[in-house]
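The lines below spell out each chain.
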Amino acid sequence: MTVSYENSKVVFQGIKDAGITSLSALPETWLGLLLQQADKDPDVTLIQVAKEEEAIGIAAGAYFAGERHILLMQNHGFLAAMNGIVSLAMLYGIPLCMLIALRGHWGEPYPWHTRGGIVTEGVLRALNVPFEYARDPREVGRQIREAYTFSQSSLSPVALLLTRDLMEEAL
Amino acid sequence: MKRAECIAMLYPELDDKVVVTIMGACAQELYDLGHRENFFYLQHAMGLASSIGLGLALHLPREKVVVLDGDGSVLMNLGTLATLARYRPANLVHFIFDNGSLLSTGGFDTHTTSGITDLAAIARGAGIEHVAAVDSVIDFGEAAVEAFARNDLGVIVAKVAAVGPNHYGMDLQLPENAFRFKRWIAARKSSPARASLTTREAL
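Chains A and B, in that order, give the protein sequences. For the first sequence, my numbering gives the first residue as 1, with consecutive numbering after it. For the second sequence, my numbering gives the first residue as 1, with consecutive numbering after it.
Treat the hints as calculated values from the structure; they're not laboratory data. On a predicted model such as this, the values are computed, not experimentally measured, just so you know. Glycine included, every Cβ here is placed at the ideal spot set by N, Cα and C. Take the hints with a grain of salt, since some may be wrong.
Said to hold, decoys possible - To give an idea of the interface, some chain A residues facing chain B are shown, with a C-beta separation under 7 Å as derived from the structure:
1) Pro42
2) Val49
3) Lys51
4) Ala62
5) Ala80
6) Gly84
7) Gly93
8) Pro95
Could you build the full structure based on these sequences and the hints that come with them?
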């Protein structure tokens with residue numbers, strides 16, 4: 001199973017087309033190719049964190065600074081960032097636009113990803129974080145743009161779940 | 001040395017800086033000196049004050065950003081020191097008030113009590129070049145002046161007594177603080193006088 005180079009490009013282009021100029025991320029396999037593009041792009045600031053919860057703080061700082069910022073992380077990183085999401089973003093009304101690689105879901109061969117994958121949607125629902133699944137490269141650009149817009153108008157975290165259909169090469 | 005003395009010494013320097021403070025005693029002591037629109041009080045999410053500071057500093061190169069942090073908070077997010085070192089924002093000064101205590105929650109010892117864990121050494125080991133460890137008000141003041149004058153990331157670890165205010169409370173709702181803080185920054189960015197400055201001049 002390999003990560004889709006073409007769709008990684010499509011996702012990164014969608015980020016660019018949404019006017020995003022700053023990204024915080026913790027690299028993971030599905031995000032690797034698009035983060036490489038972000039790293040090379042002179043118009044985008046990429047901030048790599050040691051743990052995903054830091055990115056919630058960085059995103060808040062970027063928002064205060066008036067920068068168009070999104071977060072890229074694996075779903076296990078989303079779980080690791082929980083208190084920042086609740087007790088910084090939600091508590092203060094700070095928008096977060098999170099693109100989350102949904103590992104451990106349909107078709108997952110690796111046992112270690114499965115528990116996180118199984119609980120991700122339930123945790124998003126429990127937190128009342130609006131989310132959508134991104135499966136189709138023809139739709140993902142619009143979904144990123146709309147996710148960002150909604151995060152700003154609702155002053156809320158929102159999540160776009162990047163699925164296997166989108167991020168891996170079709171067999 | 002008391003943290004309140006250090007904060008009182010810093011206070012006159014903070015009127016034109018973007019300031020983020022942690023919760024509890026530190027926030028209260030700053031607030032009690034007089035709230036300003038450029039102060040953001042992180043009243044929860046322990047560990048993230050320095051991450052907010054990094055996000056501010058990287059996206060506001062013309063501003064000086066000040067983070068008022070504590071040992072308990074930093075210990076919850078030690079990775080932040082490595083991330084700060086990696087991106088090395090020249091316009092960020094990170095104060096860590098180390099009272100060796102989770103004072104606001106009953107005074108339990110933290111790992112820094114009795115010098116077991118050395119946060120300044122951790123900051124240096126993380127790769128931060130300018131780290132000062134101080135335990136007197138005079139040394140604190142000198143370290144702060146140097147850090148503000150220097151155009152580079154600075155971390156100041158100040159050993160302080162485990163004492164805090166005898167009251168808590170602010171006439172400021174949390175989202176209100178966020179909205180007003182953001183508005184202060186936006187007004188600074190759109191100010192023609194400052195917009196004409198280059199980053200280096202502004203710093």
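| request: With chain B as the partner, please determine if Ala62(A) meets the hint condition of a C-beta pair closer than 7 Å. | output: holds, 5 Å
Let me know if the C-beta of Gly93(A) comes in closer than 7 Å to any C-beta of chain B, holds or violated. OK, holds: Gly93(A) within 7 Å of chain B, min 4 Å.
### Evaluation of the interface hint that places Ala80(A) against chain B, nearest CB under 7 Å
With a closest approach of 11 Å, the Ala80(A) hint is violated.
**Asked** Given Gly84(A) was flagged as interface, is its beta-carbon under 7 Å from a beta-carbon of chain B?
**Response** holds, 5 Å
*Restraint check, 7 Å cut-off on beta carbons, for Val49(A) near chain B*: Where the cut-off is 7 Å and the nearest Cβ of chain B is about 6 Å from Val49(A), the hint holds.
Hint status (Cβ of Pro42(A) to nearest Cβ of chain B, threshold 7 Å)
This hint is violated: Pro42(A) lies away from chain B, its Cβ roughly 15 Å from the closest one there, beyond 7 Å.
Any CB of chain B closer than 7 Å to the CB of Lys51(A)?
It holds, given that the least Cβ distance between Lys51(A) and chain B is near 5 Å, below 7 Å.
Against chain B, with CB atoms and a cut of 7 Å, does the hint on Pro95(A) hold up? violated, 11 Å
Of the numbered hints given earlier, the model fails hints 1, 5 and 8; all others are met.
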